[in-house]
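Please work from the sequences and hints to get the whole structure.
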Amino acid sequence: GNSVTQMEGPVTLSEEAFLTINCTYTATGYPSLFWYVQYPGEGLQLLLKATKADDKGSNKGFEATYRKETTSFHLEKGSVQVSDSAVYFCALRGSGGSNYKLTFGKGTLLTVNP
Amino acid sequence: DSGVTQTPKHLITATGQRVTLRCSPRSGDLSVYWYQQSLDQGLQFLIQYYNGEERAKGNILERFSAQQFPDLHSELNLSSLELGDSALYFCASSSGDANEKLFFGSGTQLSVL
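Just so you know, the protein sequences line up as chains A and B, in that order.
Each residue of the first sequence is one higher than the one before, counting from 1 in our numbering.
Each residue of the second sequence is one higher than the one before, counting from 1001 in our numbering.
Read the hints as simulated data drawn from the structure, not as lab findings.
Careful, some of the hints might be misleading.
[What the hints assert, rightly or not] On the chain A side, residues computed to face chain B include the following (Cβ under 7 Å):
1. E16
2. G43
3. L46
4. L48
5. K101
6. F104
7. K106
[To be verified] Beyond 12 Å from chain B on every Cβ pair, some chain A residues (computed):
8. A17
9. F18
10. T28
11. E69
12. T71
13. G78
14. V112
By construction, the Cβ of each residue, glycine as well, lies at the ideal position given by its N, Cα and C atoms.
Spelled out as structure tokens, the structure:
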């Protein structure tokens, strides 16, 4: 079945540091890939997505490129802010059929210190 | 605000009891998903409904059941509760299209004592 593996946290950075959170996946066909973010006490929110190979999703300074050859969708940001502190989830939605459920990684806690 | 409403926000109960979690999807969304979030298992998909019909089933225990009503709200019923059922339960909704994003509620924190 489909699965997502993302780097274990927690990740602690200083403000303006560069961020990378690794995500790799296992799926048949051509899944769509997502990053969701969960701020303290809230539900998950979509951060960015990519629906086909070589697509780059971007939002709020975050980027991730769908790499089919390495089955990866790593999240990057050039300069993090304290307000980026949250849990980040990589997810995929399988292709085909009428089942649109998302399969999530276990999440990576990011803490950004001033 | 995602537009998805979950009640209650917190629930404390004892082992062996039964509880009902409620979810109201975003206006116009036909699809409802239930997820369980725990420290050891992460986010686990439980079940999906689309316009009142069960669409997909994930790692949902036989002690758990769900339904979606004609007004599209959904309920997740958890019975014969065990300590290990303590978790954050999320509901999400979407329009049901393949690439539509999911909108998540704030969750119900269940504590089984």
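Evaluation of the provided hints:
1. E16: Violated. Min distance 29 Å.
2. G43: holds, 3 Å
3. L46: Where the cut-off is 7 Å and the nearest Cβ of chain B is about 4 Å from L46(A), the hint holds.
4. L48: violated, 10 Å
5. K101: Holds, because the Cβ-Cβ distance from K101(A) to chain B comes to roughly 5 Å (cut-off 7 Å).
6. F104: holds, 4 Å
7. K106: Hint holds; K106(A) Cβ to chain B Cβ min 4 Å, cut 7 Å.
8. A17: holds, 26 Å
9. F18: holds, 26 Å
10. T28: holds, 16 Å
11. E69: Holds, since 22 Å exceeds 12 Å.
12. T71: Correct as stated: the minimum Cβ-Cβ distance to chain B is 19 Å, above 12 Å.
13. G78: holds, 24 Å
14. V112: Non-interface label stands for V112(A): nearest chain B Cβ at 22 Å, farther than 12 Å.
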